[in-house]
Amino acid sequence: MKKIVYGALATLSGLVLLFSYRTSLGENLVPTPTTGAPGGAATAPTGPTDATTGGASSAGAGGASTAGTSLQDGTYTGGVAQTPYGAVQVRVTVSGGRLTAVDVPQYPNGTPRDAQINQYAVPQLVSETTSAQNAQIDMVSGATFTSEGYLQSLQSALDQAAP
Amino acid sequence: MTAAWARRVWVENLMGTTVSIHVIGTADDTTPDAVAASIEELRDLERVFSPFLPDSDVSRIRRGEAAIASADPRVAQVAQGCVEAAQATGGLFDAWWQGWFDPTGYVKGWAVDAVARRHLAPLIRRPGIVAIGIGAGGDLRLHTAPGADWTWHIGIADPERPGAVLATVDVREGAVATSGTAERGAHIVDPRTGAPATAVRSATVVAPDLVTADVWATAAVVAGDLGWIGRAPSTTGMLVRDDGSTRRWTRGVEISLAAAS
Numbered sequence: 001m002k003k004i005v006y007g008a009l010a011t012l013s014g015l016v017l018l019f020s021y022r023t024s025l026g027e028n029l030v031p032t033p034t035t036g037a038p039g040g041a042a043t044a045p046t047g048p049t050d051a052t053t054g055g056a057s058s059a060g061a062g063g064a065s066t067a068g069t070s071l072q073d074g075t076y077t078g079g080v081a082q083t084p085y086g087a088v089q090v091r092v093t094v095s096g097g098r099l100t101a102v103d104v105p106q107y108p109n110g111t112p113r114d115a116q117i118n119q120y121a122v123p124q125l126v127s128e129t130t131s132a133q134n135a136q137i138d139m140v141s142g143a144t145f146t147s148e149g150y151l152q153s154l155q156s157a158l159d160q161a162a163p
Numbered sequence: 001m002t003a004a005w006a007r008r009v010w011v012e013n014l015m016g017t018t019v020s021i022h023v024i025g026t027a028d029d030t031t032p033d034a035v036a037a038s039i040e041e042l043r044d045l046e047r048v049f050s051p052f053l054p055d056s057d058v059s060r061i062r063r064g065e066a067a068i069a070s071a072d073p074r075v076a077q078v079a080q081g082c083v084e085a086a087q088a089t090g091g092l093f094d095a096w097w098q099g100w101f102d103p104t105g106y107v108k109g110w111a112v113d114a115v116a117r118r119h120l121a122p123l124i125r126r127p128g129i130v131a132i133g134i135g136a137g138g139d140l141r142l143h144t145a146p147g148a149d150w151t152w153h154i155g156i157a158d159p160e161r162p163g164a165v166l167a168t169v170d171v172r173e174g175a176v177a178t179s180g181t182a183e184r185g186a187h188i189v190d191p192r193t194g195a196p197a198t199a200v201r202s203a204t205v206v207a208p209d210l211v212t213a214d215v216w217a218t219a220a221v222v223a224g225d226l227g228w229i230g231r232a233p234s235t236t237g238m239l240v241r242d243d244g245s246t247r248r249w250t251r252g253v254e255i256s257l258a259a260a261s
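Chain order of the listed sequences is A and B. If you count by the working numbering, then the first sequence holds residues 1 to 163, one letter each, in order. If you count by the working numbering, then the second sequence holds residues 1 to 261, one letter each, in order.
Just to be clear, a hint being listed does not mean it is correct.
[Unchecked claim] Quick list of the computed label-pair ranges, beta carbon to beta carbon:
1. Val80(A) <-> Gly244(B): 39 to 45 Å
2. Ser245(B) <-> Val80(A): 25 to 31 Å
3. Ile39(B) <-> Ala157(A): 20 to 26 Å
4. Gln98(B) <-> Ser95(A): 48 to 54 Å
5. Arg192(B) <-> Ala157(A): 37 to 43 Å
6. Arg192(B) <-> Asp73(A): 43 to 49 Å
7. Gln160(A) <-> Arg63(B): 37 to 43 Å
8. Arg125(B) <-> Ala157(A): 27 to 33 Å
9. Asp29(B) <-> Val80(A): 37 to 43 Å
10. Gln160(A) <-> Gly90(B): 37 to 43 Å
11. Ile39(B) <-> Gln160(A): 15 to 21 Å
12. Gln160(A) <-> Ala69(B): 42 to 48 Å
13. Leu151(A) <-> Arg125(B): 30 to 36 Å
[As the list claims (entries may be wrong)] If you want the ones that stay clear, here's a sample from chain A, every Cβ over 10 Å from chain B, calculated:
14. Thr75
15. Gly96
16. Pro123
17. Ser153
18. Gln155
19. Asp159
These are calculated hints, taken from the structure and not from any lab test. Using N, Cα and C, we set each Cβ at its ideal position, and we do this for glycine too.
Generate coordinates for the entire structure from the input sequences, incorporating the hints supplied.
Structural data, given as structure tokens:
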């Protein structure tokens, strides 16, 4: 029983620590787990929580956090943030210890353009991936590649790699 | 996850940069024509808009030898877009800040968008072609056939390490632009003060079109923070600050993700 409680604590602390959303209005949102977080859904924290404090203290209590590898698999849904163009809610998917998707399940009623935006994933830092060198890259976005800069760029290498 | 599709690539130097066009799937014999038409249109736009060509419309307007209204009609179109961009960004982007009309920061995205829409996007309706992407100096416009088993895995260049990728972002349909100070001491000037913007090394914006992505990537560098994301059209993206730290957002909401340590 004690073990189970610890497990739930670790999961919750992971959530609070790992996912903190700040809206453009400066509002703090603490996401609540929806799936894949055993024991978490029933006791999700409510209301704004200081992410750093919550994470640091419970990481000690739960003992489950290890540097860089503490993302727990599952899908987590944030609270609803009010933005000038409507309510926005963000859903994060963690799989295999890495952030695999950030979706926006709730967005303002609107045009197909809005629906299209909804498909965009948030940029994922290479340091968050388990195998940076295996990240298959098709094209590169960078600041102002001059023709000279292009020759040293990854884009150049990718262009040449194609048959 | 994604099937192994064939890929053909065309590379061309123009507009002071290098343009790459990638066609995913089986290119048919109309593909080279569409690519050639794209390159030709970009060269034509360069003749009109380049500030480095003394006979371009933009150069003649700057010298007072022509007016926006009497120049190539596409100049007025771009000027209107620049006015709208200045209004939307609250002056973070301003093609007139030096006292004359310099649409350089707008034209590349606009030109690539136009060319992609006219010549390249139609290719994804051809049998066998699943996706096309065009990149010009790190600004990308990407199209994918609906339902195709394809997603563009886009690398975001590390502003500190040439050739290295700092992050990746997956896009099926849309545009990715990055502005910043990564290369050869290039800098972006705050049009409100005339001083170089230094708080952000690079800003990458994902948007439905490249004009939006490009304008707001520049605006983000000038802004130096994310205060603008709530009033911009909804975008997704990432800033790299001058201390190397990053900030990311989607649809007006900043996402901060920190692993326990």
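Status of each hint after checking the structure:
1. Val80(A) <-> Gly244(B): 39 to 45 Å: violated (33 Å)
2. Ser245(B) <-> Val80(A): 25 to 31 Å: holds (28 Å)
3. Ile39(B) <-> Ala157(A): 20 to 26 Å: Taking Cβ atoms as reference, Ile39(B) and Ala157(A) lie about 21 Å apart, which means the hint holds.
4. Gln98(B) <-> Ser95(A): 48 to 54 Å: 49 Å Cβ-Cβ, so the 48 to 54 Å window holds.
5. Arg192(B) <-> Ala157(A): 37 to 43 Å: holds (38 Å)
6. Arg192(B) <-> Asp73(A): 43 to 49 Å: Holds, at about 46 Å.
7. Gln160(A) <-> Arg63(B): 37 to 43 Å: Check passed, 41 Å falls within 37 to 43 Å.
8. Arg125(B) <-> Ala157(A): 27 to 33 Å: For Ala157(A) against Arg125(B), whose Cβ atoms are near 31 Å apart, the range 27 to 33 Å holds.
9. Asp29(B) <-> Val80(A): 37 to 43 Å: violated (52 Å)
10. Gln160(A) <-> Gly90(B): 37 to 43 Å: holds (42 Å)
11. Ile39(B) <-> Gln160(A): 15 to 21 Å: holds (18 Å)
12. Gln160(A) <-> Ala69(B): 42 to 48 Å: Taking Cβ atoms as reference, Gln160(A) and Ala69(B) lie about 45 Å apart, which means the hint holds.
13. Leu151(A) <-> Arg125(B): 30 to 36 Å: holds (34 Å)
14. Thr75: holds (14 Å)
15. Gly96: holds (13 Å)
16. Pro123: violated (4 Å)
17. Ser153: violated (6 Å)
18. Gln155: violated (6 Å)
19. Asp159: violated (5 Å)
When held up to the earlier numbered hints, the structure conflicts with 1, 9, 16, 17, 18, 19 and fits the remainder.
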